[in-house]
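Student: Protein chains in written order, with the UniProt record's numbering: chain G, 1 to 414; chain H, 1 to 186; chain W, 1 to 548; chain U, 1 to 338.
These are computed hints drawn from the structure, not numbers from a lab. Honestly, I wouldn't trust all of these hints.
[To be verified] With a cut-off of at most 25 Å between alpha-carbon atoms, the simulated DSS-like pairs for lysine-lysine come out as follows:
(1) Lys43/G to Lys119/U
(2) Lys44/G to Lys112/H
(3) Lys444/W to Lys299/U
(4) Lys224/G to Lys444/W
(5) Lys296/U to Lys7/W
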Amino acid sequence: MHHQIEGSEAVARAVALCRPEVVCAYPITPQTHIVEGVGALVKKGQLTDCEFINVESEFAALSVAIGASAAGARTYTATASQGLLFMAEAVYNAAGLGLPIVMTIGNRAIGAPINIWNDHSDSMSMRDAGWIQLYAETNQEAVDLHIQAFRLAEELSCPVMVCMDGFILTHAYERIDLPSQQEVDAFLPRFEPVQVLDPAHPYSIGAMVGPEAFTEVRYLAHDKQVQALQLIPEIGQVFSEVFGRASGGLIHEYKSDGAETIVVALGSVNGTIKEVIDVMRGDGLAIGSVSICSFRPFPLDELRDALKSAKRVVVIEKNLAPGLGGVLASNVRMALRGATATVYTVIAGLGGRPILMNSLHDVFIAASEDKLTDVQFLDLNQAVVDLELERARTTRHSGPTAESILRQNAKVGE
Amino acid sequence: MFQIRIHGRGGQGVVTATEMLSIAAFMEGKHAQAFPSFGSERMGAPVVAYCRFDDKEIRLREPIQEPDALIIQDTTLMHSVDVFQGLKPDGFILINSTQTFEELGIHDFVAKFPAHHVCAVGATELAMTHVKRPVPNAALLGGFAAISGQLQMDSVARAILEKFPGPIGEANVAAAGAAFDIAART
Amino acid sequence: MSNTDPKLPYAITLDPGTSLANHTGSWRTFMPVYRDALPPCNNACPAGENIQGWLYHAEEGNYQAAWNVLVQDNPMPAIMGRVCYHPCESACNRKDLDEAVAVHAVERFLGDEALKQGWMPEATHADTGKRVLVVGAGPSGLSAAYHLRRLGHAVTIREAGPMAGGMMRFGIPKYRLPRDILDGEIARIVNFGVTLELNQKVEDIPAAFESEGFDAVFIAVGAHLAKRIDIPAHAAGRILDAASVLHDMETSPEPLQLGRRVIVYGGGNTAMDVARTAKRLGAEEAMIVYRRSRTEMPAHDFEATEAEQEGVLIHWLRTIKHIDETTFTVEKMEIDANGRPQATGEFETLEADTLIMALGQDVDTSFLQSVPGVKIARDGVVDVDEHMMTGYTGLFAGGDMVPSERTVTVAVGHGKKAAHHIDAWLKGQTYVKPAKHPLAAFDKLNTWYYDDAPQLVQPQLDIIRRQTSFDEVIGDLDESTALFEARRCLSCGNCFECDNCYGVCPDNAVKKLGPGKRFEFLYDFCKGCGLCAAECPCGAIDMIPEAS
Amino acid sequence: MTEHPSQSVKFYQTGTHTVGNRLLDETKRTVQASVDRSNAITSGHRACQGCGEALGARYALDSAMRATDGQLVAVNATGCLEVFTTPYPETSWQLPWLHSLFGNAPAVATGVAAAFRVKGRKDVRVIAQGGDGSTTDIGFGCLSGMFERNDDVLYICYDNEAYMNTGVQRSSATPPFARTATTQAIGEAPGNVFGTGKNLPLIAMAHNIPYVATASVADLHDLEYKVTKAMGMRGARYIHILVPCPLGWGSASDATIQVARLAIESGLFPLFEAEHGEVTQVSKIRRRVMAEDYLKVQKRFAHLFRKEGKDVDKIAVVQRMADHNIKRFGLMDEETAQ
């Protein structure tokens with residue numbers, strides 16, 4: 001049934017349809033509306049047999065989830081940004097213990113300087129924690145990915161992060177097709193844990209593993225992700241059969257067939273990218289895009305295949321690996337090892353900077369003419385940067401850079 | 001695609017207004033997208049929110065750069081914010097005010113737009129009358145429906161009621177209806 | 001693989017209790033071992049009682065079992081609990097904690113209970129066909145007869161006097177040992193299968209062997225001849241000896257008339273008993289004259305205390321120098337650096353109607369003069385070898401007539417010891433006493449585990465009745481108080497199954513074997529930390545170096 | 001006959017305070033005395049000789065196992081207890097046991113409890129446990145959160161007063177003047193700084209949770225009573241158990257219980273219970289010892305007892321702490337406290 005609702009509300013309802021048994025909540029913008037929504041559904045009695053637990057930190061949120069999941073409960077939580085970093089230790093732990101927790105990330109930048117707006121720095125920081133990471137392009141996909149995530153997590157005994165862009169998706173009111181409970185129940189079987197805290201079978205879970213077995217344990221963690229490369233498309237297929245729409249999978253291609261320039265990106269920016277591609281295609285340019293849904297596991301083979309026609313690949317990165325460039329671009333290069341295509345890294349949308357059609361258009365044109373430098377910052381105010389660098393060269397006590405930039409921004413803008 | 005930008009202050013229901021707009025459009029079978037200018041604005045701070053609707057799926061995620069319509073909930077903002085930035089030449093302007101454009105000092109500016117595209121409605125007063133609280137957002141949506149013709153008043157009323165079921169919604173619908181009437185007469 | 005369930009995640013999840021595969025016993029450099037040590041009470045008991053052993057059963061309220069253990073060593077607990085000077089209590093480790101366990105009171109309770117319930121000792125040995133004659137029905141003779149009977153021998157006791165009991169009857173007043181108790185325990189020995197012949201003075205020992213065919217003879221005739229000293233007297237008043245007075249108390253049909261004012265001369269227990277008896281017989285003044293001070297007196301302190309409580313006046317550091325009718329001239333003494341009394345040349349006079357000498361007793365060895373091989377020592381007692389045999393083969397002797405401390409308990413111990421030697425001798429063997437365990441010293445205990453529980457006070461007869469009647473002075477513990485007292489036992493040196501070792505082992509390396517079976521160490525896992533030994537309340541665990 | 005002072009037979013002789021007492025009714029004996037005890041931590045674990053924590057944990061968990069009829073789950077913080085019990089491929093635990101992280105055991109336990117609640121398994125109870133580092137320091141936030149929500153978890157802190165697992169570093173439970181690897185016995189003020197540290201039982205009480213208690217391996221009866229009582233209640237409960245560490249304290253491996261006893265008998269570690277923020281019961285000192293008696297058997301305080309003379313001032317500071325506890329908690333009867 002279609003609804004015009006906020007993305008967070010849609011995700012909350014989708015999560016509720018998955019019948020989570022334990023949900024841990026701790027507020028952090030821009031994820032908060034989701035757990036508020038779940039909490040409200042529990043309070044209203046629309047989500048029954050669910051323990052909604054307000055905790056004292058994100059670290060506790062995921063820790064409660066770990067305990068609940070280990071005790072065999074279907075468990076959900078959500079966080080963003082600093083919250084994800086604060087729970088980092090538990091993030092690795094949940095994966096190490098093989099606990100099928102589903103967690104939404106309302107993607108947001110990481111400070112300092114503190115910034116509540118969207119980019120992918122948070123989830124990227126946990127990319128190697130052993131979780132499956134799925135990125136939603138739209139709120140509809142966010143809804144669909146959550147439903148798939150529980151099945152995926154529980155089949156693999158591996159936690160799943162569903163990443164959705166903070167504000168851009170979480171706070172956007174859109175038309176959403178929310179499935180019925182019957183449909184979700186048909187798709188998502190009961191949680192049958194492979195290990196569970198049970199007085200009838202008193203296992204010890206979380207043993208200390210030394211050099212003699214640690215490599216094997218880690219190999220198995222890797223293998224689990226490799227298995228997920230098979231499972232994610234399979235589940236996506238089943239999903240489309242049950243719900244009548246394609247959603248999820250490893251990657252989405254858009255007009256990439258035969259394109260010479262292919263844009264690769266994660267998440268909601270793909271929508272704007274498609275608009276730009278339509279414009280450029282209209283202008284006769286051979287351009288397409290690939291939206292990566294599954295960032296972990298990273299679909300090397302699928303991506304390589306999707307990019308086979310490209311002479312150049314433009315990666316729109318909503319995060320920065322300082323000193324290197326882009327995380328996503330580095331991964332894309334891994335997929336393209338041995339291929340001849342040039343990979344451009346375009347750092348965009350950091351800390352909520354709007355990614356405008358015009359800017360993308362300009363950068364794609366430059367790319368198609370191979371006029372891009374490798375690491376490009378979209379809409380960078382070069383003048384401000386130059387001023388600040390100059391000032392820092394001459395003034396030892398610089399004070400806070402961000403505030404200095406704000407001051408200079410004002411000056412430059414005058 | 002039709003794009004609307006609403007300016008107001010924290011606490012005036014700016015974001016809610018765009019959400020109700022999107023719901024109204026949805027009810028008319030349109031695809032709609034409402035979103036705020038994402039911030040941690042507190043009560044009183046300048047706030048911007050957006051709504052765009054279209055007959056096909058909306059993929060675009062950029063903030064509205066060139067709105068087709070502007071709703072200005074608080075005229076005091078006009079001194080500090082360039083509320084008219086990017087407005088299309090044939091765009092719509094709805095201002096929450098009982099003053100004339102002359103009194104507001106924008107007569108010359110609005111004169112560049114088609115006359116029936118610009119309107120001032122005392123939505124706060126209407127809200128005080130009907131809702132008993134100074135919340136002009138719902139009332140202005142009635143005014144918007146009247147001047148833009150993009151949405152039916154009935155859809156706006158249903159959207160308001162979806163967001164605010166019960167007496168409060170009814171009161172807001174009444175305020176919106178009154179604003180619609182005023183705007184339609186202007 | 002760690003887990004047997006292949007569905008479980010590798011390495012991270014483990015099957016329960018799998019650490020049993022890890023034998024931490026290899027860490028150990030010292031190993032705990034259980035050991036039994038000799039409790040000081042047992043060590044001190046002249047009768048060789050297994051005091052801790054019978055207290056163990058008494059603690060459980062199993063009094064008959066306790067009594068059965070008790071009478072393996074001592075056939076007269078009711079008597080012993082009253083008259084023994086309980087060296088066990090002086091040795092008791094608990095005195096260093098609060099107060100010694102009142103062993104005598106529990107023993108008395110058990111003894112009385114046995115008399116009340118009519119318990120009989122269990123016969124332990126089949127009849128041997130050997131016959132033993134016991135001469136004298138005092139504590140030593142009765143004890144020997146009992147033990148010999150237990151060992152399967154036929155025993156006949158011949159007593160010269162009209163009543164059995166010896167010094168228990170003729171030396172201990174009835175206010176300390178009621179006669180029904182004495183008679184009851186003697187009767188039980190007789191009922192146990194011992195033949196008692198009264199008024200049968202044995203004059204010819206060799207004849208007992210040769211013409212009567214006894215296989216062995218044990219003599220224990222005691223020491224009944226009162227020692228006397230000569231005191232210069234113009235006209236001596238009435239002078240008696242303590243042994244005779246106490247004897248006559250038993251045999252005389254009429255109450256004795258000792259006079260209004262009585263002086264008892266001596267500082268032993270007998271002196272105290274006689275003075276207290278005189279008081280009870282109506283003496284207005286019962287005095288004791290003793291040449292040393294209270295510190296040096298051979299009497300037990302409580303005897304002097306009780307005597308004084310009853311109104312006996314003790315003149316310490318005095319010797320009687322002269323008697324003139326009822327006037328006694330006494331010289332003050334003082335104790336020199338060597339602890340000996342020295343005359344001071346200062347004199348006083350006391351008035352009394354009667355003087356009772358309580359200066360000790362000698363053995364009447366006249367009937368042994370003609371027995372070949374029997375040697376009489378310089379102080380008039382009979383020499384015996386380490387097997388308690390005299391110089392005449394098959395003739396054994398014990399009790400007050402051999403060199404020893406003269407107490408009922410020692411006598412009973414002699415009886416038991418003699419019985420073992422006689423038994424061995426009859427079998428052509430030599431009795432070897434089992435080796436003693438090392439002593440369980442106080443510093444080996446961990447006393448924190450015992451709650452504070454001061455000794456219970458036995459009730460005492462009120463003073464007026466003590467001065468006027470021969471009712472028993474010290475009362476009984478009732479069942480609950482006897483139980484309490486029994487449970488004060490610390491079980492020094494011997495496991496009492498408190499489960500401490502089982503509980504305090506951080507490695508679960510102690511196996512509990514069940515009631516009465518104690519524990520064993522699981523050396524596969526014991527790391528040798530020593531907590532079990534340190535926390536054993538009774539010091540029954542030693543840590544010994546691991547064999548290298 | 002005159003009556004002797006009536007003295008009813010109390011059941012306390014011949015080993016009143018021992019693990020077992022054959023004179024007691026079977027049902028009144030300690031769990032540890034039973035051959036049926038669950039041995040929640042079984043043999044073969046790798047704790048040091050004489051480890052107080054291994055002992056305390058078995059005491060507590062066996063007791064809880066008895067109280068819950070075996071329907072018990074334990075969540076364990078990182079630390080000695082975790083490391084010495086579960087080195088792959090062996091575990092010593094015989095109850096369902098989960099280790100996640102150093103600082104999150106209370107939260108994990110909250111999750112476990114929530115899972116069992118939502119599944120209708122009210123019979124399954126949850127214990128979280130950790131050392132003083134995970135409890136008073138790194139896991140403090142999670143612990144406070146668990147208390148505040150009044151989650152149905154018994155949290156047990158095995159307090160050995162430093163980070164022993166990592167090699168004896170100071171924690172906020174390390175006592176004044178104690179030598180640790182990070183508060184060395186050198187310089188002007190050797191050992192740990194005076195005036196620092198947290199009293200977690202009191203902090204727990206400030207959360208007004210249903211039950212808070214302190215216990216020690218030196219008093220098994222008391223410990224079992226408290227664990228049993230705690231398991232009879234619902235909501236957040238906290239038991240703080242003093243568990244001497246021979247390694248970190250520099251005490252003999254056979255002195256673990258003795259040292260714990262001295263801590264109690266000196267007043268330095270008061271044993272008490274509190275319900276809903278109010279102290280309801282205090283264990284009196286039986287045989288008082290001076291703080292010095294406690295300090296001098298531990299090498300971590302050896303610098304207070306140097307050859308050239310005792311550091312009487314510092315010993316007096318510790319004695320004042322003991323005196324303060326005695327007064328504050330009423331650890332001694334009035335007349336004996338004088």
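Student: Hint by hint, note whether the structure agrees.
Tutor: Here's how the hints hold up against the structure:
no.	hint	result
1	Lys43/G to Lys119/U	18 Å, holds
2	Lys44/G to Lys112/H	52 Å, violated
3	Lys444/W to Lys299/U	24 Å, holds
4	Lys224/G to Lys444/W	61 Å, violated
5	Lys296/U to Lys7/W	53 Å, violated
Hints 2, 4 and 5, counting from the list given before, are not met by this structure.
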